[in-house]
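With the sequences and hints as input, model every part of the structure.
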Amino acid sequence: MDDLALIRRAQSGDATSFAALLDLYYDTIHRFAWKWCGHAANADDIAQLACMKLANSLAQYRFQAAFTSWLYRLVISCAQDWQRSQQRHAHVELPEDVPAAGQGAAEQSIYLLQLLDQLVKLGEGMKETALLVHGEGLSHAEAGEILGVSESTISWRVHTIRKHLNESEAPAEKRG
Amino acid sequence: MKDQGIENYLENLATPAPDPEARERAKRAALAEFARAQAADNILAFPRQESSDETRLSRESTSYGSASMKRFANRGWYAAAAGIGVLGLGLIWALPNFRKYGQELSHTELPATAQLPERPADAAAGASAPEGARAPEDHDSSSSPAEPLAEPPLPEPPPPELESQPPANATRHFAGDDQGAVDAGRRDAANEAARRRDESGQSEVDARALADSRQRESKSLGALADQAARAPVAPAPPPPQQPAANKGTGSITVTGMRRELEKSKRDKSEAAPVDAITAEDVGQFPDSHIAESLQRIPGVQIAKDEGRDRFEHFEINPVHRVADAPVSTFSADVDTASYSFVRARINEGSLPQNDAVRAEEMINYFDYAWPAASSRETPFEPTVVVGDSPWGKGRKLVHIGIKGYEVDRNEVPDANLVLLLDVSGSMNEPNKLPLVIRSMELLLGSLKPADTVGIVVYAGAAGTVLEPTPVREKDRILEALRSLRPGGSTAGAEGIERAYQLAEAHFRKGGVNRILLCTDGDFNVGIDSTQALKSFVERKREKGVYLSVLGFGQGNYRDELAQALAQNGNGVAAYIDTDKEAQKVLVQEATASLFTIAKDVKLQVEFNPATVSEYRLVGYETRSLEREDFNNDAVDAGDVGAGHTVTAIYEITPAGVTGSVDEPRYEQNRDKDAAKRAAGSRGGRDEYGFLKIRYKLPGERTSRLISEPIPLRTGTQTANVRRDVEFSTAVAGFAQLLSGGKYTGSLTYGDVLEQAQSARGEDRFGYRSEFIDLVRRAQKLGE
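Order-wise, the sequence lines are chains R and L.
For the first sequence, the working numbering gives the first residue as 1, with consecutive numbering after it.
For the second sequence, the working numbering gives the first residue as 1001, with consecutive numbering after it.
Don't take every hint at face value.
Claimed, not checked - Below, in silico cross-link-like pairs of lysine-lysine (PhoX-like), each with a Cα-Cα straight-line distance of 25 angstroms or less:
(1) L:Lys1448 x L:Lys1509
(2) L:Lys1534 x R:Lys163
(3) L:Lys1543 x L:Lys1509
(4) R:Lys53 x L:Lys1027
(5) L:Lys1780 x L:Lys1742
(6) L:Lys1474 x L:Lys1509
These are computed hints drawn from the structure, not numbers from a lab.
If you're wondering where the values come from, they're calculated on a predicted model, not measured in any experiment.
And the structure:
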């Protein structure tokens, strides 16, 4: 596969291939980061962290898992590091920070932030599970692999999330 | 948006396109990082490497603007010279920002390191600290190494791209009405966030953020690094040892072999009387686990992992004074899961956790020669044997044994079985799904051709794998079983409901209707709360569909839930760890496991205060009932299958023998009066107590009663019964030793072994020999 060849070349130290790899995957990284934090500028930061971590740890990718799975794990770990670093500073998020651009986007961003907040409150791993399964459309097995838990744990989390969020948010939702 | 549900919302969430500027920035940073990583890979074992890390940090510092420069200038940077001469493996990683805490640090960490006598601090710090701490152009100017943190900050012009941005506090508005304002605001927010992070010591991100400005300086810094490498520093001064958590300021970590050696020496000299251990040491030890290495440090004890298997906690039944509480009530228990679990644990090389040891389940694991009842109407004829207690001088053991009426296999009504199998990824272990499949194959062999078997799986790919199929079409069932694979992609949350639907759709009136749940502890069957699950199972039980639970595997086993569900479902909970166990539960005891001959079996013993002063029930802690529950038919209790044996052992202290609980000082007369009155009542002089058993026949709602006195001297028993009293006593002793030996006095595993060996008997299936082997292993483990 093309991507895999690119990864191999990048692993052997070819900067051009690595740049091409970044071009290919930056959007994925950024999209996930954005959904993870709900904030464009923070997503930029997380994405940059992830790109830099990718530079450092690409050599460790062993082609055992799908590259995207490996990448998601990397982005999640960066996002969590980033989150911890933010929390250590323990600042109060100013409400003006929330909207990113435009009215519609602002409303969406606020709702996303609320949703993310609720997911975090549901427990560890819930947010990541929801983002991977619903946001990225991965299977429970893939999400389990990325998060290092069993597939049934993912199923259980999805079930819990659906129960808690859809009961309060969307009573009319049909079961998927 | 809100009425979409989370799945659709997240799926359709429009993501804003990434800011191209941020994208470029990230790319540049990553490429720089990539180049650096490659360089690090290529230039190994060369002192220069240390310096190049150094260089990187310095470069980063230049890209910060004045605020960050101050911080870098304030930072005590000792590490560079430290690594010189070290094999080039060292990695220096810095989280700077000491501006805020610099003062504090200079009073805490720094003196501690500065006091080390063997360190030529002056030379080292003079050569290294300033160079990292200030702009590269200044590398030749020296500063006092004693107070590098107090060094005045060097002003540095901010890089142009930061400078061009609006001042931080000028654009705190995000109206969204004007694109320019928004952009400015966003940039400002990023800037602001960067600044905040700087202050919190998380400047690593930002330090690398503007990688392009590094490039410009890399050349001069390379030269600088060379110079640093040549600095005349022979012994390496240790870097400041700062835990990363320290006030959120920052830390410098140096790794590598040489560093470890240095550190080991230093740690040990500083650490007395507490020993220290380094990663290098750990690597040298023959230990298989880091915890074992840690245990080499005096005073460090690592408790052995008792597993994450969950058991209901209980307190061992205490000694009761007959004068205070003459009546003991409990429910029958034919489960044997505890014994299998204990066995698996011991065979693995560790003693089980206390709560995993349920004495009654261990005792009832074995089949005893109690005489079976002769009619289905009165399914029990209790056997009561009184003998001396091997572990309490002067005390007696009262054995109460019942054996359920044995139903001929051809008399058993047709069965409608639905197997509810967990096929989640966690079942992918040799002793899980493959064993489940083999067990079910064994079960098929003990079913009648007219019986039907359906298969529902959950947790992986959900759904009905096999509609109820008669056992005479065995091949179809086997094929379905063998096609099962752990894992899968779709979620199956409705597993248990589907299994019950299937069982109800093929309900056999007057027959056996049972769900057989096989799991490794994942009860993600579709009903989340334990309580809801229990009451669901209970409601279905009322409709005539029962549930049995077979547990597999270790590590995640939820015994308490398995027990609770099986109890609510009028079924057995068994734990299957080996093929042999599967054979026992599903072949030899298949009829017993599947066909219930009595429901809600409760036992009650009233002790006679004239002849008994104290009593203690061995086991049945999780099955104890209130005295008043005995006659209340609404209270659920254990069920007994065809041919099941249930054995209960009381240890009693006959009146006149010194007991373990002191007599009351003020109510002695009351107790004596009670004893006197009891002695005058019917049977009061020649009975230890009175046994009552309540049970319901299948399909009946009112209980029936069996009662029998416990005589002071029981009549002569057959040799088999005497032997089995011995053997069950040995098992009871073993169980009590495993759970702490609170009441077993000086009893040892050796005593248990001897007793069990002498009472092994014919042992057709080898279970008793296995028990003896288990005691031997426990004896070794307990030493």
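Hint-by-hint comparison with the structure:
1. L:Lys1448 x L:Lys1509: Between L:Lys1448 and L:Lys1509 the Cα gap is close to 17 angstroms, so the pair holds against 25 angstroms.
2. L:Lys1534 x R:Lys163: holds (19 angstroms)
3. L:Lys1543 x L:Lys1509: Satisfied, since the Cα-Cα distance of roughly 11 angstroms is no more than 25 angstroms.
4. R:Lys53 x L:Lys1027: Between R:Lys53 and L:Lys1027 the Cα gap is close to 12 angstroms, so the pair holds against 25 angstroms.
5. L:Lys1780 x L:Lys1742: Between L:Lys1780 and L:Lys1742 the Cα gap is close to 20 angstroms, so the pair holds against 25 angstroms.
6. L:Lys1474 x L:Lys1509: holds (23 angstroms)
Of the numbered hints listed earlier, not one is contradicted by the structure.
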